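Protein sequences, first through last, are from chains A and B. In terms of the numbering used here, the first sequence is residues 3 to 356. In terms of the numbering used here, the second sequence is residues 247 to 513.
Source of the hints: derived by calculation from the structure; they are not laboratory data. There may be inaccurate statements among the hints.
[What the hints assert, rightly or not] Now the stretches of chain B that chain A is said to cover, found in silico as 3 or more residues with beta-carbon under 8 Å:
hint, stretch
1, 305–317
2, 325–336
3, 347–353
4, 367–373
5, 432–441
6, 452–458
This structure is a prediction, so every number in the text was calculated from the model and none was measured. For glycine and all other residues, C-beta sits at the position ideal for the given N, C-alpha and C.
So you can see what is in the structure, the chains are spelled out below.
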Amino acid sequence: MAIIDEGSPKVGRNYKKAWFERIPAAYWIIGVLLLIMPLLVNEFALYQIFGWTFILAIIALGMMLLAGYGGMVSLAQMTIAGVAGYMLAIFGDSAIETISQGWPWFVAIPIAIIIAMIFGTAIGWLAVRTEGIYTIMITLAIAAAFFYFVRQNYTIFNGFSGFNGILPPNLFGVDWRGANAFYYLTLFWAVLSYLVILYISRSPFGLALQGVRDNPRRMAALGFNVTAHRVAAYTVAAFFSAIGGILLTWQSAQISPGTIGIGPAIDILVVTIIGGMAHPIGPFIGAFIYVILKTFSVDILTSIGLSGERFQLIIGISFLLIVFFSPDGVLGLWKRWRDSLGKDPLTGDREDNS
Amino acid sequence: MNAPIAINDRSNGTSREGALELRGVGKMFGALSALADVTFTVEPGERRAVLGSNGAGKTTLFNCITGDFQPTYGSIRFFGEDITNFPAHERIRRGLRRTYQISLLFAGMNVLDNVYVACCGVSRNRFSFLRARKDDAVLARARELVELVHLQDAADTLVSELSYGQQRQLEIAMALSGAPRFILFDEPAAGLSPTERAELINILTSLPEHVGFVIIEHDMDVALRVSEYVTMMHNGRVFKEGKPAEIEEDPEVQALYLGGEDGLGHG
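Using the sequences plus the hints, can you model the full thing?
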């Protein structure tokens with residue numbers, strides 16, 4: 003763990019290399035693959051598989067930040083995404099013209115994100131008074147309460163049916179709900195969110211958050227306001243989940259109570275745990291596995307003569323298997339496999355430090 | 247903090263109050279009185295040892311002073327300011343520092359990161375989302391402190407891979423972050439080898455003169471060499487106070503330390 007990106011003696015051999023030479027080949031391959039993906043797969047895969055994977059991962063990045071770096075498992079990240087989606091529908095355009103204000107996107111989107119962040123901060127302010135299982139319970143309670151509230155409130159949230167016809171702006175003359183455009187839109191925000199979280203993890207804020215997770219008493223004895231730091235983490239996490247929420251709303255062009263129910267709230271937890279919380283790549287792995295399972299389990303089930311409605315069974319069993327064999331998700335499996343090889347499969351270097 | 251090489255002096259020598267004043271401080275754990283009616287004043291720049299057997303209330307005293315927990319009664323003043331009800335981080339930001347008896351370090355981080363986090367805690371950029379650049383003042387300060395405790399060769403080593411003695415040294419580096427005015431050392435020499443002890447005495451005696459400290463130490467040799475005044479505690483109370491020589495000569499203290507009837511074993 004180095005705080006700054008300078009070469010320590012151990013990586014001294016990289017000193018003279020240009021920045022692009024320092025990035026392992028596997029990362030280049032993944033990067034190029036992601037960029038040329040529209041040439042490789044069909045529109046369904048672009049929009050439903052990759053688009054949805056990136057959106058779920060961005061929402062789950064909020065949870066990864068809180069749980070992985072902060073040690074606080076919040077089940078309210080989907081709710082925060084939902085708040086952003088609802089605010090976008092209410093302040094921007096939707097088919098429900100009696101409620102939607104029709105403000106331009108460059109006003110509606112920032113307002114939606116800011117309100118979602120305020121909402122996230124309020125949740126954090128309540129939740130940081132608790133620890134462990136109680137944090138999970140209080141955030142789950144908030145998620146459930148918000149779900150029932152929007153389902154019953156017709157004046158602002160349009161009750162059971164919610165909002166439809168929420169479309170992304172036709173910026174640069176592009177239809178952003180086209181498969182290619184939407185793929186690149188979600189890819190852009192996914193990569194940006196990933197890099198920002200990776201960067202923050204080594205900033206004073208991020209290091210201190212990890213310190214608060216490991217030893218809150220010590221952090222207070224170093225001059226950190228532990229409570230304020232935890233609440234701030236909720237605010238930051240809400241920012242990412244809000245971005246995911248806006249993209250999610252555009253993907254289906256609608257938002258309704260069903261989007262933010264208890265099920266979806268727990269799905270975000272499943273995504274985060276399947277992938278692993280130790281690194282921001284975890285939610286992406288988890289989201290990809292989740293989306294693949296959810297998309298194809300119906301076909302698998304019907305092919306073996308079972309009802310397609312049982313797709314949750316496949317997801318549940320996969321979740322159990324992954325958690326059973328690796329409590330720290332696929333990232334944990336990967337790490338153990340790498341350690342057993344004793345070298346970094348991405349660079350071929352022997353691992354001489356951890 | 248743009249602290250240059252030396253540790254900042256914020257006190258300016260003008261304050262007339264004691265650095266640390268305790269007035270009738272007590273701490274109850276249920277019916278158990280861990281600390282009872284402790285009153286003493288430590289002058290700025292004074293170095294004092296707190297001695298006493300296990301269970302005498304020494305660490306409880308430290309925890310009350312730093313705010314790890316609130317005293318049940320009594321008041322604590324720090325450079326004239328009543329800090330009795332301040333949360334721990336507010337006390338630290340006013341220049342109070344401490345080390346822990348059992349090292350409380352961040353095992354997953356390397357040495358420099360640990361000290362860097364400590365330096366961030368008392369600087370304005372503790373909420374910064376920007377990584378430290380090479381010329382970052384806080385990071386430079388962290389490097390100085392790592393060198394001050396002679397850990398520069400281990401700066402990139404994970405704390406979990408450090409020797410016990412190195413961990414103790416790291417504790418001290420973290421207590422020197424920012425502009426300390428007063429430091430509480432909780433058994434810094436425990437578990438150290440004789441060479442490491444000599445090193446520790448060296449570090450403690452070379453602290454800037456205006457930085458006072460209270461040291462809990464079982465090793466009389468260390469305690470009496472670094473302190474000018476001794477407070478002897480027993481069963482949560484101040485038992486004797488005096489110069490190191492007076493305390494050593496005191497028959498009651500000797501009885502206690504040589505295993506008098508209710509000396510040791512109050513763990």
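Hints, verified against the model:
1. By the rule of at least three residues with a Cβ nearer than 8 Å to a Cβ of chain A, the coverage given for the stretch 305–317 of chain B holds, with 3 such residues.
2. With a threshold of 8 Å between beta carbons, the proposed coverage of the stretch 325–336 of chain B by chain A holds, since 3 of its residues qualify and at least three are required.
3. Against chain A, the stretch 347–353 of chain B contributes 4 residues with a C-beta closer than 8 Å to a partner C-beta. That satisfies the three-residue criterion, and the hint holds.
4. Residues of the stretch 367–373 of chain B lying with their CB closer than 8 Å to a CB of chain A number 5, which satisfies the three-residue condition for coverage.
5. Only residues whose C-beta sits within less than 8 Å of a C-beta in chain A count toward coverage, and the stretch 432–441 of chain B has 0 of them, not enough to reach three; the restraint is violated.
6. Chain A is given as covering the stretch 452–458 of chain B, and this is violated because 0 residues of the stretch bring a CB closer than 8 Å to a CB of that chain, at least three being needed.
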